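Protein chains: 2
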Amino acid sequence: MSQGFTLWFTGLSGAGKTTLTNELVPQLKARGVKIEVLDGDEVRTNLSKGLGFSKEDRDTNIRRIGYVARLLSRNGVGVIVAAISPYKEIRDEVRKDVEANGATFVEVFVQASLDTLVSRDVKGLYKKAIAGEIANFTGVSDPYEAPESPEILVSSDTETVAESAAKILDHLEENGLIQPAYFLAQQETEARFASAGEAQ
Amino acid sequence: MSQGFTLWFTGLSGAGKTTLTNELVPQLKARGVKIEVLDGDEVRTNLSKGLGFSKEDRDTNIRRIGYVARLLSRNGVGVIVAAISPYKEIRDEVRKDVEANGATFVEVFVQASLDTLVSRDVKGLYKKAIAGEIANFTGVSDPYEAPESPEILVSSDTETVAESAAKILDHLEENGLIQPAYFLAQQETEARFASAGEAQ
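Note that the protein sequences, when read in sequence, are chains A and B.
In the numbering used here, each number is its position in the first sequence, counted from 1, plus 36.
In the numbering used here, each number is its position in the second sequence, counted from 1, plus 36.
Keep in mind that the hints were calculated from the coordinates and are not lab data.
Source: prediction; values computed, not measured.
It is possible that some hints are incorrect.
The list cannot tell twin chains apart, which means a pair is met if one copy fits it or any two copies do.
With a cut-off of at most 25 Å between alpha-carbon atoms, the simulated PhoX-like pairs for lysine-lysine come out as follows [stated by the list, open to error]:
1. Lys85 to Lys124
2. Lys91 to Lys159
3. Lys70 to Lys132
4. Lys132 to Lys91
5. Lys164 to Lys65
6. Lys85 to Lys159
7. Lys164 to Lys203
8. Lys85 to Lys70
9. Lys65 to Lys85
10. Lys159 to Lys70
With the rest of the complex left out, here is chain A (with noise of 0.2 Å):
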């Protein structure tokens, strides 16, 4: 049984934790792993409708995350979470929960300077938040606290999507959480092998 993980990716709106979601997801099924992905704006819709963007709301909603990535990561499932999680102390606090159940917690700082992120303004938001037309928005209206020590830096001003895909999958080798790539490699070829034998 492979040992259950929480990858909790933070970081400002555009910084790219969606898009390194969608470059690894393949990457850690093809290495057997089981994975969850808690999206922010998915987990709004099924486990917080109604609450909104002051900080009370904004902890309560990533408790709730918490809950469910623990209750994964602790049945043996790579939980991926992408949500702006802006405060230290309750990313500190679910650490904690998941680790007292036994599973890992990795914390993977998606850095972006705001000046990227204001040149780049994919969906127009950051023009609205310096406007004023959007209270509460992270890094601009709202406050974000990087991580002190996060188990992983990536940063997208200066990393393409793979080169911060490939340092990921690095830390998770490392440390046990998944199988290097010619373990599983290997391990099909005798799986062919023995079914070729068994068809003679």
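Once you have looked at the hints, place chain B on chain A.
Only chain B this time, still in chain A's reference frame:
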């Protein structure tokens, strides 16, 4: 890998959902099943703080439990949900979601007559509800829609908790959701012989 399932207990307060859960959990674990219990009260604390007991709030609460149950059971976990879940439509909606995710939904109607419940009234709640002191109390001042064709019907009026648990284990075994007890005993014996062989 064992196939995931959701064992959904529905029934009035005091009908025996929690007692039956406590009876079943160790027996399911002994069969090698990964088990998570989503208890109505616990889930209200972790996922649904602030929700009340109107139909809308109850439906939201049950949908959230359903969301978590489906995430777990599609990853091979056996989930026991023990919540009153009074409305048929929402239970059926959750069933569809779980089944659409490749897991099995087993509805267990934990039945007890209102007379029995009022005479037991362990927490003194029925007395208060009948006196009009609790609004929206299922079965007294709020509706309960019994399942029309649950997979399993157990009755704490006429069965011991051991008998009810045995019914459920039989159903799960017959449907290939848990291993037969003798199969596990056999595996253990084989493992013992194998390790004895290695020791020589």
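Okay, the hints, checked on the actual structure:
1. Proximity of Lys85 to Lys124 under the C-alpha cut-off of 25 Å is found in both arrangements, the shortest distances being 23 Å within a copy and 22 Å between copies.
2. Taking the shortest alpha-carbon separations for Lys91 and Lys159, only the intra-copy value of 23 Å comes in at or below 25 Å, while the best inter-copy value is 37 Å.
3. Proximity of Lys70 and Lys132 under a CA criterion of 25 Å is satisfied in both settings, with 22 Å inside one chain copy and 22 Å between copies.
4. Proximity of Lys132 and Lys91 under a CA criterion of 25 Å is satisfied intra-copy only: 20 Å inside one chain copy versus 35 Å between copies.
5. Within a single copy, Lys164 and Lys65 get their C-alpha atoms no closer than 38 Å, and across copies no closer than 53 Å, so neither meets the 25 Å cut-off.
6. Taking the shortest Cα distances, Lys85 and Lys159 sit within 25 Å of each other inside one copy (22 Å), while across copies they are farther apart (32 Å).
7. Taking the shortest Cα distances, Lys164 and Lys203 never come within 25 Å of each other, neither inside one copy (34 Å) nor across copies (60 Å).
8. Taking CA atoms no more than 25 Å apart as the test, Lys85 paired with Lys70 passes in neither setting, with 27 Å inside one copy and 30 Å between copies.
9. In this assembly of identical chains, the alpha carbons of Lys65 and Lys85 never lie at most 25 Å apart, being 30 Å within a copy and 34 Å across copies at closest.
10. For a Cα distance limit of 25 Å, the shortest separation of Lys159 from Lys70 qualifies neither inside one copy, at 31 Å, nor across copies, at 42 Å.
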